[in-house]
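Student: Turn these sequences into a full structure, and let the hints guide you.
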Amino acid sequence: MMPSLQRRLLILATLILAGFLGATGLVLDQAFRGSLERAQQDRLQGYLYTLLAAATLHDGRLEMPDELPELRFHTIGSGLYARILDDAYRLNWQSDSLTGIPYNIDRLLAPGERRYYQTDAGDDNLYALAYGLSWEDADGAVGNFTLHIAESMDIRAHQLIAYRTSLWGWLAAAGIALLITQAAMLHWSLGPLRRVANDLKAMESGRKSLLDGHYPREIQGLINGLNQLIRNERDRTTRYRNSLADLAHSLKTPLTILRTTLEADPDHKPPPQALEQIERIHGTVDYQLGRAAAVGRSRFGQRTPILPVAERIMRSIPAVRPHGPPITSLHCAVDLRFPGPEGDLMELLGNLVDNACKWCRGEMALRIEIIAHQGENGLCITVDDDGPGVPVTQRERILQRGGRADESRPGHGIGLAVVRDLVDSYRGAIAVGDSPLGGARFRILIPNG
Amino acid sequence: MRILVIEDEPELARQLEHRLTRESFIVDLAHDGPTGLHLARDYPIDLAIVDLGLPGLSGLDIIQQLRTEGSRLPILILTARQGWQDRVAGLESGADDYLGKPFRMEELLARINALLRRTGGWAHPVLQAGPIALDTRTRSVSLNGQPLELTAYEYRVLEYLLHRPGTVISKNELTEHLYPDDADRDSNVIEVFIRRLRQKLDPDDSLGPIETLRGRGYRLRPDLAPT
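Quick note, the sequences are listed as chains A and B, same order.
So the number in the numbering used here is just where the residue sits in the first sequence, counting from 1, plus 4.
So the number in the numbering used here is just where the residue sits in the second sequence, counting from 1, plus 43.
Read the hints as simulated data drawn from the structure, not as lab findings.
Treat each hint with caution, since some may be false.
To be verified - No farther apart than 20 Å at their CA atoms in a straight line, the calculated lysine to aspartate or glutamate pairs in the EDC-like style are these:
1. A:362 - B:54
2. A:362 - B:150
3. A:273 - B:149
Unchecked claim - So the derived list for chain B, only partly shown, Cβ under 7 Å to chain A, looks like this:
4. 125
5. 134
6. 145
As the list claims (entries may be wrong) - If the Cβ cut is set under 7 Å, some of the chain B residues that face chain A in the computed set are:
7. 55
8. 58
9. 96
10. 127
11. 128
The beta carbon of each residue, even a glycine, is placed where N, CA and C say it ideally should be.
Tutor: Take a look at the structure:
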């Protein structure tokens, strides 16, 4: 089954939101990392000027006073380091903080050149500034030096983690809030469609006859059209049934008169051919009208509660029988529904029950239940009687039109043929077998559809 | 027994009347709903045959109306409508039996007799009262197994008495159920039929099957038949 509209829209909104918020987060992260780096560069620059201000040239060596304004230069492993190399790679000076710590880049830069780089000292990741300078002392002697100032990147990393935690936290919260709002909006705006679906379900179960609620303008047209279609369909079915009833009346009354006329004179037996032809016409009329009256699986999923119909059929079993009314039993759950109109169900059950009553000696049973059939649930109708049963060789034949196993009983074999046609129109199956009651068992399977 | 036929097709109504009369029934005809309802209400009818599609008032309406008024008249629906919906609706409206057109006259007669029998409390088509046996299928009477020749009127009297075992039936009631309305009624004739019946059913005056209750009417001897 396709996912619901609401789910589709929600999935789409989630993906778009995730993409948008993700991209926003990445851009902000990038920008913040850039600004952290620039801040550290500015700091290194500041240290550079502090050191340069304090430096003195002595015997061609650039040296620093014992006390520097930045105390971290004097604390071992403080995370702020500095060293000065001359152009012969000789170490002129290094800060106390570097004592015992290997510092593994000692490049030289031309005077005025400035370069930022990353390095490490021991376990510490460092961000460093190298600056090439030329220093002239009072005697006019000029020395070229390279000053390295490095600061631990730990602070930057901590700031970044704090920033990221807060950034992604807020973005996630905003995303969830947006999604919840979105879901609520969807739920509200798809409400009318849900109502239509519920109303259709109510129609299926027979609780409603039309889609009579109030719907938004956008779908009201569709609803009106659907209602019109349903009304037309019903009107047509009613007209059709009425026409069939009229046709039945106008065909059968003359047939009755014809037959009664033939049998009117008790002293003269009517010619058997004439009676036979009347029977044939009668059979054809009954069968074709019965077939035509079957509506079949309903276009609008109309479903008929079975139990009331089954009870009405059982109550209509004629009490006028040679051996008195049969003992009957009916098993049917209250909530079972037939996937079609009441008329079809009545024909189906009526003909089956009538057949069982015609043949039974004193007992018949009707059972309707849901069973699993070819992977889906189907309706199973079982009718048993304690009559003579149907010989195996006759079982196929009695389900065909005019096919009667025993010609001596009244009826034209039409009932079972109509049952078979109805079952076919519901894509069901019918089988004749032996009943535990001793007679015939008719079993019908109707897929629930 | 008096049967009301409500059928709008004149030819079929005529044929039914003809055949039923031949079977010793008194027949009243109605060709439309209102007349049918009026006859069923106000005439001493024993059974009604009702077509469903009638002008003026449908057969179902007639049956419902009669049942609402408390009538227990046995009713047989005779209709060209064949669907189970119509059949169930007909029986639910209060009809006792249902027969589709075209029908065999024999089947109709069998159903009529079965319905009348059921109303009288008889389960079997042969109504047995002591040595007297009346077969509703062949409309013949036997005494101690020996066939008995009865005239149509004598048969009607006996059948009527047998269908109401134990009930006292006035001369007037008997007349109404045995004669068509337009017939020249003379209640003295009933006495003649009863006398002749007694002679035939009880030639040696030992059985006394029909009792006379002075000033009230006649009755089948209660111990002869089940009530």
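Student: Do the numbers back the hint for residue 55 (chain B), that is, is its least Cβ distance to chain A under 7 Å?
Tutor: Check passed: Cβ of residue 55 (chain B) comes within 5 Å of chain A, closer than 7 Å.
Student: Given residue 145 (chain B) was flagged as interface, is its beta-carbon under 7 Å from a beta-carbon of chain A?
Tutor: At about 4 Å, which falls below the 7 Å cut-off, the nearest Cβ of chain A leaves the hint on residue 145 (chain B) intact, so it holds.
Student: For the hint on residue 58 (chain B), does the least C-beta distance to chain A fall short of 7 Å?
Tutor: Status holds, d = 4 Å.
Student: Just to be careful: measuring from the Cβ of residue 127 (chain B) to every Cβ in chain A, is the smallest value less than 7 Å?
Tutor: 3 Å, holds
Student: Take the C-alpha atoms of residue 273 (chain A) and residue 149 (chain B), compute the straight-line distance between them, and say whether it is at most 20 Å.
Tutor: Satisfied, since the Cα-Cα distance of roughly 13 Å is no more than 20 Å.
Student: Is the shortest C-beta separation between residue 134 (chain B) and chain A less than 7 Å?
Tutor: 4 Å, holds
Student: Is the interface hint satisfied for residue 96 (chain B)? The criterion is a beta-carbon contact with chain A at less than 7 Å.
Tutor: 6 Å, holds
Student: For the hint on residue 125 (chain B), does the least C-beta distance to chain A fall short of 7 Å?
Tutor: Check passed: Cβ of residue 125 (chain B) comes within 6 Å of chain A, closer than 7 Å.
Student: Would you mind confirming whether the straight-line C-alpha gap from residue 362 (chain A) to residue 54 (chain B) stays at or under 20 Å?
Tutor: Violated, because 31 Å separates the two Cα atoms, which is more than 20 Å.
Student: Taken at face value, is the distance from the CA of residue 150 (chain B) to the CA of residue 362 (chain A) at most 20 Å?
Tutor: 14 Å, holds
Student: Once the shortest beta carbon distance from residue 128 (chain B) to chain A is found, is it less than 7 Å?
Tutor: Hint holds; residue 128 (chain B) Cβ to chain A Cβ min 5 Å, cut 7 Å.
Against the hints set out earlier in the document, a violation occurs for number 1 only.
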